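Asker: Those sequence lines, one after another, are chains A and B. Position one of the first sequence corresponds to residue 1 (the working numbering), numbered consecutively onward. Position one of the second sequence corresponds to residue 1 (the working numbering), numbered consecutively onward.
List of simulated lysine-lysine pairs, DSSO-like, C-alpha gap at most 30 Å:
1. Lys-128/A x Lys-16/B
2. Lys-320/B x Lys-233/B
3. Lys-304/B x Lys-281/B
4. Lys-11/A x Lys-16/B
5. Lys-118/B x Lys-274/B
6. Lys-166/B x Lys-261/B
7. Lys-2/B x Lys-128/A
8. Lys-207/B x Lys-128/A
9. Lys-128/A x Lys-3/B
10. Lys-274/B x Lys-125/B
11. Lys-304/B x Lys-272/B
12. Lys-207/B x Lys-2/B
13. Lys-2/B x Lys-233/B
If you only want the chain A side, here are some residues facing chain B, beta carbon under 10 Å, derived:
14. Asp-33
15. Gly-36
16. Glu-42
Since the hints were made in silico from the structure, they are not lab data. Since we're looking at a predicted model, the values are computed, not measured. Idealized CB from N, CA, C, for every residue including glycine.
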Amino acid sequence: MDIPEHLKYSKEHEWVLVEGKTVTIGITDFAQDELGDIVYVELPEVGEKVVKDDPFGAVESVKAVSDVYAPVSGTVLEVNDVLPDTPETINDDPYGDGWMIRVEISDEEELRDLMSHEEYAEYVEQQKEDDDEEDDDEEDEEEE
Amino acid sequence: MKKTPLYGAHRRAGAKMVEFAGWEMPVQYRGVIDEHLAVRTRAGLFDVSHMGEIEIRGPGALELCQTLSANDVSRMKLQQAQYNLFINDKGGIIDDVIFYRIAPTAFLICVNASNSEKDFAWIQKQASGEVELENASSRYAQLALQGPLAEKILQPLTALPLAELKSFYFDWADVSSIRCLVARTGYTGEEGFELYCNSADAESLWKALLEAGCPVGLEPAGLGARDTLRLEKAYPLYGHELDDTTTPLEAGLEWVTKLAKGPFIGRETLLKQKAEGIQRKLVGLELLEPGIARSDYHLFKDGKSIGRVTSGTKSPTLGKAIAIAYVIIEEAAVGNTVEVEIRGRRVRAKIVSLPFYRR
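All chains should be built: construct the whole structure from the sequences, respecting the hints.
Answerer: Dropping the structure here:
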């Protein structure tokens with residue numbers, strides 16, 4: 001599981017690269033792995049406003065569609081034009097060529113709510129453990 | 001959640017597990033698209049042990065089967081398989097199933113996992129006369145070996161001459177010394193086999209098949225690929241295209257429904273519906289603009305609601321977004337252009353003939 005140190009992370013498994021008042025947003029390696037083969041990406045238009053914790057787009061695997069939530073509020077400056085034709089770029093390079101949007105943030109305070117890479121690594125581990133515990137519980141039940 | 005005898009093998013193989021019909025099942029191993037294309041070009045191995053198996057035996061078995069189901073069971077030869085439907089008295093589909101004539105007066109019925117208890121209860125209710133019923137689901141495991149190389153992979157493991165086994169026929173044979181019912185059936189639109197064995201033998205059989213197929217590119221395949229494969233072929237999936245309120249005439253399953261065979265449950269309603277004409281029909285859709293139509297998305301024509309999608313995906317073989325939908329009969333003609341509402345956006349789609357994929 002790749003979790004670069006220089007990025008910030010949301011609980012919805014988006015990553016945020018902060019460069020002054022501009023942020024770049026994508027989904028994490030964990031998220032792309034959970035989704036599987038991504039075959040369609042829905043992105044906002046340049047100039048649209050995005051609101052923290054509201055969906056700004058969607059990624060679709062062959063199996064299902066998942067919303068992508070804005071980790072911060074702001075105005076869309078740029079969208080990744082390669083994604084409509086090659087959505088699998090998100091699977092191949094989630095932190096690089098698979099970036100989704102660039103946003104000018106409206107409230108820098110919101111960045112404080114994001115996690116560091118250590119916190120996110122812990123958060124992901126916790127989620128995996130929760131899954132495993134569910135499995136263990138079931139096995140116990142079966143033995144009874 | 002229930003687990004198949006191969007649960008441990010799936011976890012060790014790194015499968016992603018999901019809940020399906022109360023079972024914890026592998027949705028994918030390496031990836032849905034890879035597994036899908038493996039089945040289309042080489043072969044894939046599926047654990048479908050969640051499927052239910054019901055046995056009906058005894059002198060009254062044939063008569064009961066005829067009453068219970070829409071297809072003509074009397075036409076089945078020994079060791080023949082038949083796609084069939086259980087219909088309720090309103091003409092709705094209780095389940096879509098495969099019958100196997102395992103003896104002149106005995107049938108094995110493979111039913112959907114989600115319906116096995118409902119089916120069994122319903123069969124018990126209808127049963128009279130000299131029949132024995134068994135819900136044998138936990139006794140059987142089922143593996144599906146599917147793809148153009150399936151026969152080449154399976155043949156070295158068994159003395160059964162597979163080339164002589166016709167489509168929708170089966171035989172009993174040892175496969176890698178494991179007693180199996182080997183049927184030339186499947187749910188992928190490719191050549192292939194479904195193998196029923198004792199649950200206790202499932203893991204040995206799984207390993208033997210994977211080992212035999214590995215050199216020619218056999219891959220374990222999950223429910224994700226099973227779904228995209230069946231969808232390209234427009235095979236219905238219970239709970240999506242079929243349910244207790246959809247009739248076989250609406251679902252394009254008139255070919256399974258032998259109204260002339262004599263009485264069966266639901267026949268009167270279906271005869272009436274056939275005489276009056278159906279109001280809606282299952283159709284294929286190809287999207288003309290970017291987007292993917294999903295189950296329960298609504299369809300429109302000139303602003304008017306005309307139906308809903310039952311299944312949709314981006315077809316890995318064809319590289320385009322495809323869907324199956326119920327549409328009112330007036331708008332169901334092939335070539336008609338309609339709109340799908342995808343997350344608040346109207347996207348153009350064309351009605352096309354089914355299946356989407358032909359071998």
